[in-house]
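Colleague: This is what each chain is made of:
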Amino acid sequence: MLLIPCPHCGERPEIEFRYGGEAHVARPADPSALDDEAWAAYLYLRNNPKGLHAERWRHIHGCGRYFNVLRDTVSDKITATYKAGEPRPDLPATEAAE
Amino acid sequence: MPETAAIRQGAFDQLAARAAAVTFTPCPPAARFVFRGRPAGFAAAGDAFGVALPQTACRAATTGSRSALWLGPDEWLLLAEDGAVAAIEAAFADRLGQQPHSLVDVSHRNTAVEIAGPAAADVLNAGCPLDLRLEAFPVGMCTRTLFAKAEIVLWRTDAQRFRVEVWRSFAGYLWGLLDEIRREHAA
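These protein sequence lines are chains F and E, in that order.
Under numbering that gives the first Met the number 0, think of the first position of the first sequence as 0, with each following residue one higher.
Under numbering that gives the first Met the number 0, think of the first position of the second sequence as 0, with each following residue one higher.
Since the hints were made in silico from the structure, they are not lab data.
Possibly wrong hints are sitting among the right ones.
[Unchecked claim] The calculated label-pair distances, taken between Cβ atoms and stated as ranges, are:
| # | chain 1 | residue 1 | chain 2 | residue 2 | range |
| --- | --- | --- | --- | --- | --- |
| 1 | E | G96 | F | E21 | 36 to 44 Å |
| 2 | F | A83 | E | A158 | 15 to 23 Å |
| 3 | F | Y43 | E | W166 | 35 to 43 Å |
| 4 | F | S74 | E | D157 | 21 to 29 Å |
[As the list claims (entries may be wrong)] List time: in silico DMTMM-like cross-link candidates among lysine to aspartate or glutamate, alpha-carbon distance up to 20 Å:
| # | chain 1 | residue 1 | chain 2 | residue 2 |
| --- | --- | --- | --- | --- |
| 5 | F | K82 | E | E74 |
| 6 | E | K148 | E | D178 |
| 7 | E | K148 | F | E36 |
| 8 | F | K82 | E | D73 |
| 9 | E | K148 | E | E134 |
A virtual CB, placed ideally from N, CA and C, is assigned to each residue, including glycine.
Can you make the complete structure from the sequences, with help from the hints?
Modeller: Below, the structure written as structure tokens:
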């Protein structure tokens, strides 16, 4: 079982968490100014990187809070977790290249 | 001649010891609330309830018959004596009337069972993957977590005693599973 470090509660078993999709997807400030294509892109188009991916997780059976996780989509290794609203941390080049 | 009296054991001794390794005791009815609010109102909420809301993650605070259990950064489970619902609601309205907050009466949604004995942590660990060693989960620690398929609030009130808060519709599931684990543990 994976241990996911919740920024509020510390390391917890993965069954307490739910996946919340890609992180740092900002809602456009003025949706009515967008054309259909740009709106569809905001709604549906997501990155699918091979490697480090910033994503939202919710500690639903714990503190209940959303937070962000930097996870390697190849190895499943979680390199950083940080509270919602905080900027994505800059990882040292060596760690990011792993 | 061999000394037989010294090693003689009653047939029931070991069985009785196993049965006492863990006990389940339903907790009496209580007044329960879930409080959520903003940091500006935390102190006033503590005043209104009579227990300062613990700000440390996963910790509980108790004053007299009332306890406040940290559930999230802005969320607490408040436990009080049965029959205190109206008084608590009035106290919060008085102290926090202008502050945005929510105070939800969950007295009848939740029910609780106390799990005590030398094997209490082992029995809980059969359904809950948290590290329940005393170093990792000290007395006074509380958290929302899972016991098999039931969401619970687990609170260590003593080295060998836990209070498990669970939704009442899960009571039969929780008790049945705990009892099965206890019997397997004793075998």
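Colleague: Compare the structure with each hint and give your call.
Modeller: Structure-based check of each hint:
1. E:G96 to F:E21: 36 to 44 Å: holds (41 Å)
2. F:A83 to E:A158: 15 to 23 Å: violated (36 Å)
3. F:Y43 to E:W166: 35 to 43 Å: holds (36 Å)
4. F:S74 to E:D157: 21 to 29 Å: 41 Å Cβ-Cβ, so the 21 to 29 Å window is violated.
5. F:K82 to E:E74: holds (16 Å)
6. E:K148 to E:D178: holds (15 Å)
7. E:K148 to F:E36: The given pair, whose Cα atoms are some 42 Å apart, is violated under the 20 Å limit.
8. F:K82 to E:D73: With Cα atoms ~14 Å apart, K82 of chain F and D73 of chain E stay inside 20 Å; holds.
9. E:K148 to E:E134: violated (26 Å)
Checked against the numbered hints given earlier, this structure breaks hints 2, 4, 7 and 9; the rest are met.
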